[in-house]
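A.B. asks: Starting from the given sequences, assemble the full structure and let the hints guide the process.
So the chains spell out like this:
2 protein chains.
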Amino acid sequence: MPSTTETLTAERILEATEEVLRRHGPAKATVVDVARALGVSHGSVYRHFRTKAALREAVTKRWLDRTSERLAGIVTAEDRSPEQRLRDWLAALFEAKRHKAGDDPELFATYTVLVDGLGGVVHDHIADLTGQLTRIIAAGAESGDFTVPDPATAARAVFHATGRFHDPGYAREWTEPGIEEEFEAVVGLLVRGLRAAG
Amino acid sequence: MPSTTETLTAERILEATEEVLRRHGPAKATVVDVARALGVSHGSVYRHFRTKAALREAVTKRWLDRTSERLAGIVTAEDRSPEQRLRDWLAALFEAKRHKAGDDPELFATYTVLVDGLGGVVHDHIADLTGQLTRIIAAGAESGDFTVPDPATAARAVFHATGRFHDPGYAREWTEPGIEEEFEAVVGLLVRGLRAAG
DNA sequence: CAGCTGACAGATTTCAATATCTGTCACTCC
DNA sequence: GGAGTGACAGATATTGAAATCTGTCAGCTG
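Each protein sequence line maps, in turn, to chains A and B. Numbering-wise, numbering that gives the first Met the number 0 puts 170 at position 171 of the first sequence, and it's gapless, one number per residue. Numbering-wise, numbering that gives the first Met the number 0 puts 56 at position 57 of the second sequence, and it's gapless, one number per residue.
A few of these clues could be false.
What the hints assert, rightly or not - Below, simulated SDA-like cross-link-like pairs (lysine to any residue); rule was C-alpha separation at most 20 Å, straight line: (1) B:96 to A:169; (2) A:96 to B:168; (3) B:96 to A:162.
As the list claims (entries may be wrong) - Covered stretches of chain B, going by a simulated chain A footprint (3 or more residues, C-beta under 8 Å): (4) 146-159; (5) 183-195.
Quick caveat, the hints were computed from the structure, so don't treat them as lab data. A virtual CB, placed ideally from N, CA and C, is assigned to each residue, including glycine.
C.D. replies: Now the structure itself:
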């Protein structure tokens, strides 16, 4: 009955879950579907994930982490100035989100649905991202490029002020003409605010 | 049969519509309910509004305009500096939205539902608000308090950067502790960005 | 005759029955 | 004997028939 001789791992289940979500969408993707895709009974899936909610949480966390990891490289790019790294990081975040939303709108919509109701996962993700921002801004403060009372506060402010360019709730506006200019205007204003001598 | 002898006006219908929306919510509020509340047949309502969508659009526009009007006074408060007017205006916008959301969460949720799908009305509302912001920033540019390439662009940037504090999508976060500090951090950063000599 | 009515057709929503799914567990079978 | 199974009970989702709603319009009524 099993379609492969490979052992059933959490990772294989997550892969199958993403595939099922892609095919069926968040409302109609069932644990039974995931098990069928793997050629096992649904009881086996429950051996690795206590509940359907836990499975969804894990697959969503995995999805969010993929974005996070891509950005981490920019934080430590010592060949560029902190200001440039900040601009690059924000542009990369916008680009990554826009790409995800544009390439596979249905999967993006699926994860957008999954994400709300998963407060903890989102909170961690945001903490991760603002942590990266904090390191860039702290480097700028240390080098004298930026003048900020507190890098962590400034990082959260920058993150929230650019929400329009990374929050999934705004995804439908990411294809509008002029969005690039809006992004530049917001980032320009924020960078000037960080630079300004206090 | 009519419960009053007053003539049926668009305004009276809008008032009744808001009341019905408050009572029944957006999903269950019907034109028949509105007519019943007014003591007339639903045919009479269709004499003033071509469709249910038009009625909803009108009542939503009316609701948005009430916020707009409150803020307009701050724009022309010549006794305060442009920077202070900008801070006051943003704080008033945040406060107005937060108040609406906190006082009558169900009505707020109702209008939040109505608002999306009403692209034109929202667009006009945002144009109205950014227009007010533009006048404040232009005044600051003229007085030398601000240094900006283009007040209208800066106004849109400020508006979008503060979206977290007025966009209904974020309403549930407006009661979190620390939101005030976040607001101050974002506004502070933006004001510094506007001030900075370019 | 200007404003209002209410019966009507087609579209949409509701509700209850039916079907499917979630999560458990005693069991099987390498 | 530990990964995997599948029947099961209660929870959730689907479906289609019945009820309600939207939008129109010929005809009241003051």
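A.B. asks: A separate judgement is required for each hint: does it hold in the structure or not?
C.D. replies: Hints and how they fare:
| no. | hint | verdict |
| --- | --- | --- |
| 1 | B:96 to A:169 | holds (19 Å) |
| 2 | A:96 to B:168 | holds (18 Å) |
| 3 | B:96 to A:162 | holds (18 Å) |
| 4 | 146-159 | holds (count 6) |
| 5 | 183-195 | holds (count 11) |
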